[in-house]
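Colleague: Protein chains in written order, with my numbering: chain V, 1 to 285; chain F, 1 to 285; chain B, 1 to 285.
You may find that some hints are simply not true.
To spell it out: a stretch of chain V is covered by chain B in this simulated footprint if at least three of its residues, at any positions, have a beta carbon under 8 Å from a beta carbon of chain B; those stretches are [to be verified]:
| # | stretch |
| --- | --- |
| 1 | 128-135 |
| 2 | 184-191 |
| 3 | 223-234 |
| 4 | 246-256 |
| 5 | 266-274 |
Computed Cβ-Cβ distance ranges for the label pairs, DEER-style [what the hints assert, rightly or not]:
| # | chain 1 | residue 1 | chain 2 | residue 2 | range |
| --- | --- | --- | --- | --- | --- |
| 6 | V | N78 | B | L231 | 23 to 29 Å |
| 7 | V | E137 | F | D198 | 19 to 25 Å |
| 8 | F | D200 | B | D200 | 52 to 58 Å |
| 9 | V | E276 | F | D198 | 15 to 21 Å |
| 10 | B | D241 | V | F202 | 49 to 55 Å |
| 11 | V | F202 | F | F3 | 53 to 59 Å |
| 12 | F | R230 | B | D79 | 45 to 51 Å |
| 13 | F | A234 | B | E50 | 45 to 51 Å |
| 14 | V | A245 | F | E276 | 50 to 56 Å |
| 15 | B | P232 | V | E17 | 50 to 56 Å |
| 16 | V | A245 | F | N92 | 46 to 52 Å |
No lab work stands behind these hints: they were computed from the structure.
Quick reminder that beta carbons are idealized off the backbone N, C-alpha and C, glycines included.
This is what each chain is made of:
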Amino acid sequence: MTFLTDFKPTHLTLTEESPTFWRVTFNNPPINVIGLEMMRDLKAILTELEHNDTVNVVVFDSADPDFYIAHYDVMVDNDEAEALPKTDATANYTAWVDITVRMSKLNAVTIAAIRGITRGAGSELVLAMDMRFASLEKTKLAQVEIALNAVTGGGASGRLPSLAGRGRTMEILLGAEDFDGALAEKYGYVNRAIPDADFDDFVTHFARRVSGWEHQAIVEVKEFINKYTRLPDAEYPLHSDAYWAAVMNPAVGATVGRLLEGGMQQRGPLEYNLAEDIAVIAQDR
Amino acid sequence: MTFLTDFKPTHLTLTEESPTFWRVTFNNPPINVIGLEMMRDLKAILTELEHNDTVNVVVFDSADPDFYIAHYDVMVDNDEAEALPKTDATANYTAWVDITVRMSKLNAVTIAAIRGITRGAGSELVLAMDMRFASLEKTKLAQVEIALNAVTGGGASGRLPSLAGRGRTMEILLGAEDFDGALAEKYGYVNRAIPDADFDDFVTHFARRVSGWEHQAIVEVKEFINKYTRLPDAEYPLHSDAYWAAVMNPAVGATVGRLLEGGMQQRGPLEYNLAEDIAVIAQDR
Amino acid sequence: MTFLTDFKPTHLTLTEESPTFWRVTFNNPPINVIGLEMMRDLKAILTELEHNDTVNVVVFDSADPDFYIAHYDVMVDNDEAEALPKTDATANYTAWVDITVRMSKLNAVTIAAIRGITRGAGSELVLAMDMRFASLEKTKLAQVEIALNAVTGGGASGRLPSLAGRGRTMEILLGAEDFDGALAEKYGYVNRAIPDADFDDFVTHFARRVSGWEHQAIVEVKEFINKYTRLPDAEYPLHSDAYWAAVMNPAVGATVGRLLEGGMQQRGPLEYNLAEDIAVIAQDR
């Protein structure tokens, strides 16, 4: 791999399985939150892929068997996040919208290989990819933003309807409950849930197959599907604006404070059970 | 509860589980048809909810374990129905379109807790709600309007595609067959089918959870989902016009006459097996 | 049946189960490819149905239990295919787009009764029908066009999203793998997969039921569903243009040559396992 820019990722690893098949492995202990460095690393990969006409497929997996991506890092300094590079087209978007919108428009096929907990921005990141495979036994997907009095800020309400339909999107976003692999498959939240013992082989086999097609054919297939299933980019900043307007409220700050005291962002019971615990703490008014 | 207007419902009950959680229980023996009084009661509740910024969630269930809502009352006097109050925005809609369109736009989360038979306008009412949970063993959903030579008049053809997709919508509306809980879940016609023994607890637990969120966050989440998944209101009167044009035909009157002779609107075999019997009677030309 | 034009089909049979229920049975040994004669026969049936206000439902099944429709006949002479009759509205479309667009707009309800292998243009033909039932044990559906460096030329990328959603459409078209009945049902690729022993009875029972409704009611129901779920016709020539531009490349011709040497279009292992074999041959560059 020759990179356009100096690329020394620290919170994920990039493995070149072949010239046409890349693997990105999230690795930000203790629980894979999306923080400043992981966003920087992701943006560097997005930039590379936007200028690459060789890579056919990218699998995104996790170095942590329990946490795919826990959620957004609540300690991120917003000014630092917004100072990370953007494209001309996304210059007015927040850092997180820049990432999710660009992820949803790559020429390469993007595959989420979900094993472990994937909530909030983690769920939004996989929704921005082309397809999602999940470990049947080890997946927990959730959008818990409503517990912070907020809409989802990275596009879940714009992307779930084309996967799960209107009624189930309502349930996912308004219930803020965990979806295990079987239920996520039933709802279309993921393509399929695969028994964990077969999971790695299944994803690698699929990705390798896709990696062997003509690059230009992949680009054209994705163009047509995107034409019929993607919302206009301009919708996504609206979500982000609504999200940030809500969470800047002091009441949300107080909830986050209590979550941090309770063990948020640490490897422990609260993060394993966040969908339950966040409701208890948020609703204890 | 303080109501804007005098509210003494006779064909449903309203229970305030908490200030943020209402339960509406349909109760119009012998089989819960949607008649004049139930429409009057429903409209009163819609009006209250349209002026209420406290209630987060409303569960709609039935006092009758066998019949959720059988169907529209074929004996309703249309002039009386149309004289029931409407909003400025829906003043030109029929009584039933007024109800279903307003139901689909409330700030509160609307949950259909479906146990029992739910056909015709009953199915359309639950399709106008935000989400649908069904008793696995005790649900029969159907749109039988085609047996009356008609399209569905309250929006099923506009709402099912975003839940069940094109092909399954075709099957539901053109086949006019009963869908049990398992098949309705498979098709996305309902969110989930829950074993009947767990059904009440499941729905109440979910609604209670939703009732605890910030009201404003619920409103905003629903706004985004509605933006991406609702048809324009103006579509729905078209369905109603086509429905009424069809059923005013004397041949349909004759079919309804034979259905009434056979036991329609009574608690008996014909209503339990309506999806089958209506085809036999309608096709016996 | 009185036909507008002389109609002597040679590669399918038309059975009049009743005046309102037709059955079309594909029969082009050895493996039911879509060749010149089958297109001619299909177009004749489409023309009849476009001028018919009696037929309510048409079931499309296969005389071959192993092959529903294998795929497009790679030996078809394009000039001969394009010389087959078209309608005024589709005069500028290719022969295959003419067929699939017209199929998707008939007044009669079109039902694919899928038993056996159904790949490429076979899959596109059933996607253009109103609904699809599949034998649980004997179905293999696939869109393998990407192995020919091409997008699907007959509209799969425009029709799958409303059935299977964005993520699963990506997987079907980019993976080019076989979908058995159970997985096709899970994804919405078919309405339902029925155990093979019950399959014929199920389809015939459903079609007979639909055949008994008023024709005009069927027309109106389909109009509303089509309004909300069909793309504009003008999208489909774009797919075809992209397809033909891709497959005219000599590299694709070489792949097809090797496939023909390996047994393509013959009743043998390569056609049974085409989704696997085509990848091996196409990717052996």
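Colleague: Hint by hint, which ones does the structure fall short of?
Modeller: 4, 5, 6, 8, 10, 13, 15, 16
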